[in-house]
Amino acid sequence: MNMFKERLFHPISKISFIILLFIAPLFFSDSNIQLFIFWGINILLAQSINLLSGFSGQISLGHAAFYAIGAYTSATLMIHFGLSIFITIVIAAIFNAFVGFLLSIPARRVKEFYLAMMTLGFGFIIQEIVKEWSSVTGGVMGLSGIPSAKLGTLNFFGIQANMVMYYWLVLVIVIVTMWLLKNFVQSYMGRSFLAVHRSELSAESLGISPGSAKQLAYTLSASIAGIAGALYASQMAYIGSNSFDMMQSIGILIMGILGGFGTLIGPILGAAFLTFVPNKLQFIQDFQLMIYSLLLVISFLFIPNGFAGLLKIRTSLEKGNRINKSIKAIPLKNDGKLLNEKQSSFLKKSFSPILNVKEVVKDFGGLRALNDVTISLSKGQILGLIGPNGSGKSTLVNLISGVYPVSKGEIHFNGKDITNMATHSIARYGIIRTFQDPHNVPTMTVKENLLLGTHRLFKSSLLACTLNANHSLREEEQMLTRVTEIMELCDLTDYADELAGNLPYGMQRMVEVARAILAEPQLLLLDEPAAGLSEGELEELNRLIRYVKNQGIPVILIDHHMDFVTGLVDEILVLESGGVIYSGSVEGMQKDHHVIRAYLGVEHHA
Amino acid sequence: MNKRYSKIVCGGLLLSVFMVIGTACSSSGNQVDGDPSETIKIGMTSALTGPYSEYGEGNKRGVELAIQKWNDDGGINGKTIEVEILDDQLVPDTAAINLQQLLDDEEIVAIIGPAGSGPAMATVPITEANGMIHINPVAQTPEITYPNGTDHGPRKNVFSFALQNDVESEVLGSFAGEKWNKIGLIHESTAYGKTGMDLVEGVLEDKFSIEAVAREEYNQKAPDMTAQLAKLKKAGAEVIVCVGLGADLANIRKGMSRLDMNIPLVATNGALSLPYKEGAGDLVVGTIGTMIGVFGDDPLSPEAEEFAEAYSEAYGKDRYWGDRDNPQLFMSLSVSNGYDAANVLFEAIKNADSTESSKIIEAMENIQNLNGVNASYSFSETKHHAIDIEHIGLFEYVKEGDEIILVPYEK
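From first to last, the protein sequence lines stand for chains A and B.
Here the first sequence stands for residues 2 to 607, numbered as in my numbering.
Here the second sequence stands for residues 1283 to 1693, numbered as in my numbering.
Just so you know, these hints were derived from the structure itself, not from any lab.
Built from N, CA and C at the ideal position, the CB exists for glycine as well.
Careful, some of the hints might be misleading.
[As the list claims (entries may be wrong)] If we take Cβ atoms under 10 Å as the criterion, some of the chain B residues that face chain A in the derived model are: (1) P1374; (2) D1375; (3) L1384; (4) D1386; (5) E1389; (6) G1400; (7) T1423; (8) A1473; (9) Y1474; (10) S1539; (11) L1541; (12) M1543; (13) N1544; (14) I1545; (15) L1652; (16) N1653.
[What the hints assert, rightly or not] Here are some chain A residues the structure puts well away from chain B; computed CB gaps all over 10 Å: (17) I60; (18) F96; (19) W134; (20) S244; (21) K460; (22) L545; (23) D564.
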């Protein structure tokens, strides 16, 4: 199977496949060329929904609306202004991107059922507009006379285009779109889509803004659907409002799901299924709808991950293969000087506090979870946070990282007031946290998860990422080097290409901590990193935290594991019922009778 | 175990996909029986399955009956007629794909088009560019035949056997305008409903200087039309005129009953369809509808008699036929229109003694007073539709004993 796959994806077989696709129409009849053109259009639609629902997890039940807008935009521009199809496709894409952007403003605020309802409504609204705005859209009568290759009314640069030429146009657009999409999903932006899909909170903790990620997803997805619509209008020569109804939206969704969401090959197969199968099932006449539906039910039942899942095709989400493989040659180092030099010199240990938490109060309704807590932390310092369950440790971490707003008090970091800022903005200032249960993206490999950690360090633009500009590739390479180094450090190299969700619990923990370290934090918040780790893993974690300390990065460490904590921290803070009962050195704590009573165990009186 | 199972199933699935793609490259023109020089082949795409198959399946039967009749009589000038029928489920995209597939088959000399306005609009430009004769048996929108309006010339290659919107609306409008002054209008929000009602409004205004008291619209299959009906009631309508399909009409009729609106309902041919009768039950009594009148004649014309015999022999007295001795009125729009379309087309091919489209079209335009089931057919260079006002009758549901029957409306 692997050999087969390797051969299948070998550049030579890819190129010959593309050449084959280019010369194929010369041997096809017109109707088959038309079917292949529809396949191309369906691929674009399937990729469009794949980007939105498959990658960034935003369900859309009204995707035909974008398709319609693209079709009508291109058609009216061609009919009324005589614009060339090359221009109308671009305008349709841009205009659709704009509409997608507008839709994202309300859509990014809602989730799940509400989002489904909203997109459904959007689909209906657009269909109603198409029906009612008859002066532009032709209303229920539809729009005829769109220049089309099959009628001989379409011109490419003054030359009358035939079906074969139109097929080539569609083919080129599909190939270019696929290439751009591949570059995109393998960039940090593409990875951020999946991170948002899995958990918005975890994505935010790495400096990814879920709002902007969704906005980008809507914009790009709508734009691709717009291109599909423009191609469709010219292929059909006639468009009517019925072509863009609810069933079309569902059809688009089925192509994506059946093919396999979250991969790039899957939607191509899904589109092929929906293009060719119903057409060729016609010979069974009366039973075709039944058999078609049955095929769909069977495939959803037995291959929930679609054709791509069945064929074990997975789209890699990093450009390691694209960039040459010299990275592996970097020698194994273990001396804590792995991250770049600039970082470590910048974070020399000093005694001026970097984090100031001033008299912070947190109320949940009537319950005071945290009462008047003040801490300050200097560079290179590790602060241990202990206390019984419910004493407010995690709440404190959640306040610092912006997950909860504070009720009273102030938090300053590096001289800036970060009180009640959004989590992802706080993360961008360099406060990186982990969670009690690992928040990796289970469908991404270890390597990709770790790359996610470096998200906030990427600077390449959207254009550079999708065009694989040299500097963006270099940037990706740099990050990959760091990932390789940290994997060496954590003994994760052997699992680099394993899906994070398949790893044992302890290892998932390590991945999450390593991911946080890769974000080059200026303050690291570790919420019970040792919970559930084996002895060996504990040692590993210990080494990792010391490594961080050597970098001069301050750490706040929550854990119940007393030996583990006391062995690492410089200072310790003990909480009970939301209040600080001790703050100071470890030795002092062990003698403090408040702490002993509350936490370490009360002396027994006989 | 589960995994292996799913692998097998999926393997099968993929195999079927590839098999299907494989046949995609070789499917055209593989269904030829006999010597092509001895056969004449026509192509048809229609809604044979899916939610709108009523007209398509009926048309298919009509066309097949006509072919059987001609072949029994020795074919067209000695050549056997063959037909290839594809299913478009009334989806415009599918219809366009099917049509291209039919055009790929070089033996096909004429096209009988789809059973609705959407797919018809999606297919006529293709045959028009190609020049092949295209028969429209069902779709009611006049633009299919007359792209620039009925006062301009038709598409050279398109001939319509359908009950055109404008003809139906003319009858409906004239009838309503003659009898009532306060008229409430309601129509479905489709090309059919909208253009039809525009025409009705035009007739009312031009002929009778009547302005409707209110005009409402609804979406097909809307579960409830009470809001629209309440507005019509408030406006004081004495009659409700509707352009719409049977199932929706049933909803309207039931809504009227709920709102206690005891005024007549006058509607397009949907009022005579089975879904209306089934949906509205006893409430249909009093409803008046327009329809091609042929099956309301007693006795039937010889052509209608011949058709009825052939149909009952082939299919029995099924739901297309209805529950009475004679075929129900609606058959003229679902079956006999297809039958007529094919017969007239074959006559033209016979007269042309050629399968070249231009010659068939010429022969078609020369057809005068050819008796068919639905009408006596005459075409010309400027007139490419057949069913006119004189072929349309008004019918009313009346109660006769325990039965509800349709009788010609008595003025």
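Handout entry: Ascending list of hint numbers which this structure does not respect
Key = 5, 10, 11, 12, 13, 14, 15, 16 and 20
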